[in-house]
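Engineer: Given chain A, put chain B in place with the hints provided.
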Amino acid sequence: MSVNTVLMSTSARLRDRRVTLERRVTASKAVRTSLVSLAGLIGGPVTNQAGEEVGRVVDVVARLYGPDPYPPVTGLILRIGRRRTFLAADAISKVHAGHVRLRTARVDLRDFVRRPGEALLARDVLDHQLVDVDGIQVTRAADLYLAPLVDRVVLVGVDVSLPTLLRRLGPRRWQARPTPERVLDWQAVAPFAEQATDGPPEVRLRASRTALHRLRPSDLADILEDLGRSERQQLLGWLEPEQAADALEEMEPAELENLLREAAPDHAARLVDEMEPDEATDALRDLTPEERENLLRRMPTGEAAELRRLLTHREGTAGGAMTTLLVTVHRDENVAGVRARLAEQAEHRTEIDAVAVVDDQDRLLCDIALFDLAVAEDTTRVADLIAWLAQFGLPVTVHADTPLAEAADQLVAARASSLLVVDDVDRPIGRILADDLLDAMLPERGRLHFRRFLQ
Amino acid sequence: MTRDQDTITVTNPPAAAPVRRTGWRRLTMVAAIAGPGLVAANAGNDAAGIATYASAGSQFTYGTLFFMVLVTIALVMVQEMAVRLGAHTGKGLGALIREQFSLRLTALAVFCLLLANTGLVVSEFAGIGAAFELLGVPKWAVIPPAAILLWALVLFGSYHWAERIFLIMSLAFFAYPIAMILGHPDWGAVGHHLVVPHVEPSKDFILLAVALIGTTVSPYMQFYAAAGVVDRGAKPADYPLIRADAILGAVFACVVSLTIIVATASAIGGTGPLDSAAQAAEALKPVAGQNAELLFALGLIGASALAGAVVPLSASYAIGEAAGVERSVSRSFRDAPLFLGLFTAQIVLGATVAMTPIDVIQLLIGTQVLQGLISPIVLVYLLVLTNRRSVLGDAANGPRYRVIATAVVVGVAAMSTILLVQTVLGWFGLA
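Protein chains in written order, with this note's numbering: chain A, 1 to 455; chain B, 1 to 431.
Extracted from the complex, chain A is given alone in its bound form (with noise of 0.2 Å):
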């Protein structure tokens, strides 16, 4: 490349440059000047029509669990000598950065009374933890901005960078202008405000709220873990219990046992209901008896005996690890049949990764693993797999009482990706899944933690 041609690039590229940068101070301005800081507006003056100050402003109310996607303010509380009051949204004529304006000189001053879903935003919002759903972690706001429109002001955005904390411990001058360094939409935060009265029930239907769902539960378990003891409690009021159970069951052992005992017990064993049977065993064996026994009587009944049942066994052995979810057929089936029976079963996708095929007595014939199915044919028998099969060996089985690390030997030499537990004759009364073998058995590794030294 001759000389010529990488200066020409260079300067195209910093022209470029430069377009980009004033296109985006042009932008961050006209938000910035569209934008009321609400760490600003606090303490700030409220005038009347005639420019007389009439009190000043000491929180913010805004509907934040209603049907609205951005929160309308829905009044202000003032400071009036030495008087708190309410003053209702539709005497304010505009919200400028730092002050407001009101469009009467006379005020209708009430006693604030919470409405449902109403929030003080200073008191409840600013400052507090809140679930950034983009972004995936827990954060605090360190400003929110509302945005004066037409006919109201509604919050529009939270801003959660560390300049804008700074700027909030300058001079007054400095709070009122707004900084939109690292501002998420509210529709991507889930907030939390301990002392609002819950909404109407299409509050599920928020933005925010749907995008909680689609997260990762190792995600979810993240953030879980990070929140405090009440947030935690509200966030997981939010959450199908399904998919509440999937993130518990990604959650840390300690953080999972003190999130149930916090939990109301109804709610809590509804949670462990819903998870895998092995994790839920898990869980409650971290529990007290009492702890336990409170959880499994608000269960149904079949499902208690169930993880009674599992609690039988011991931490560190096959029984203690085992899922006893276990998919069962017959040799006179066949393939097209089993698959239909494993499509029934697809919400476990993650806890089925073989096929126990059992004779009369329920006595075990056969594993067969999902590969094996994948490639066979639809009109396949069950009892012709088996033979095929034969060919490799007899399944490799442990039993209940088997240590954890004689399983994982076993496993390693069948070269399977799980095994399944049978009973004194040979009947299958679990599976143990590589997975489990590998959280069981993988020393605790990554890096240093605070918490490791207290744990």
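Below, computed lysine to aspartate or glutamate pairings styled on EDC-like, alpha-carbon distance capped at 16 Å:
#1 A/Lys-94 x A/Glu-53
#2 B/Lys-235 x A/Glu-262
#3 A/Lys-94 x A/Glu-52
#4 B/Lys-235 x A/Glu-255
#5 B/Lys-235 x B/Asp-394
#6 B/Lys-139 x B/Asp-359
#7 B/Lys-235 x A/Glu-291
#8 A/Lys-94 x A/Asp-151
Here's a subset of chain A near chain B, in silico, CB distances under 8 Å, partners left out:
#9 Asp-127
#10 Gln-137
#11 Thr-139
#12 Arg-140
#13 Val-160
#14 Leu-162
#15 Arg-168
#16 Leu-169
#17 Gly-228
#18 Arg-229
#19 Arg-261
#20 Glu-262
By construction, these hints were calculated from the structure, which means they are not laboratory data.
Glycine included, each C-beta is placed from N, C-alpha and C at the ideal position.
Structural biologist: Chain B in isolation, oriented as in the chain A frame:
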């Protein structure tokens, strides 16, 4: 935690994590069962703590014992309040301060914590330097590599093992109780000074008294204890046990401190202020004889290295928590700039200051004085938070407790203020 007979008889470890525990793990488990209260309180017995206690013994023999009893009561109350907040809210102290106070007051609290902690980090590196000087290695050759090593250990993950080695090394300080008995102190005088108040109206005495408060009731301990309780996932129902742990931890830590004072007092009492680590090692002679210096150096290296990692980490966690930013040592600098930046800055600053040719023992005690001055500020936050029913509900301080706790905070604050006034007057030649 609440575990009854039934679960104890099962061979599972109480933490019930699904990991196979090795012998080493089991050993640290023993330390961990002791609980956050114990860990937090005993973290006070680090390099700077040992220097302060030993100095108290050498300078005033048994004169500071009664004061230490008062400090013990203060520590018990303060730690109890910290774990109560953690257990009932599930949040650390940094987060609670941000939610309950204005941002400026939060910044003040965080600034105080950072200042006090950086002072502590300086003293930890000074401790490492002093320990190696006892073994004949100059400190300039030791402190920079030690700082880099600790920083890398924490950030790049192999800290796990190092932590245990440091822990074992710091057990050397448990030789002090034995040294105390073998040193044949004047038990009568010890008993007398434990119960009868004794105050010397000298500046040195007040300075040392504030240092004793500072090293025993360090601001970071409250943050650490609350965070520890949250991390262990204690719920309000576990609170009686958490409280017992916090109280026992505080009392235990103070008993160890007392034995250090008594041991030094009987070995080198009355010889004036401590001026070298070798003197502090002197008190261990009854146990280790000629190897006293080696034993002391081992303990000092272990305790300093352990605290040298824990202290800056705990400040970074508390501040990261208050700011609501990402905080984990497994993140990159791009993901967690504030957290990792603070951690790095504290270590760099600590090591750099510790390198300067200053009197190490005076520096260590000076750090504790700084802590003593900052403690009251953090204690006020703690007191206000535990008084608030909106935070703790029924677990908030009752009227009687409130009076006693306020008295403790005022007492600590008064000591600090007296010292501050004296120092300022000293600058103008008035005291």
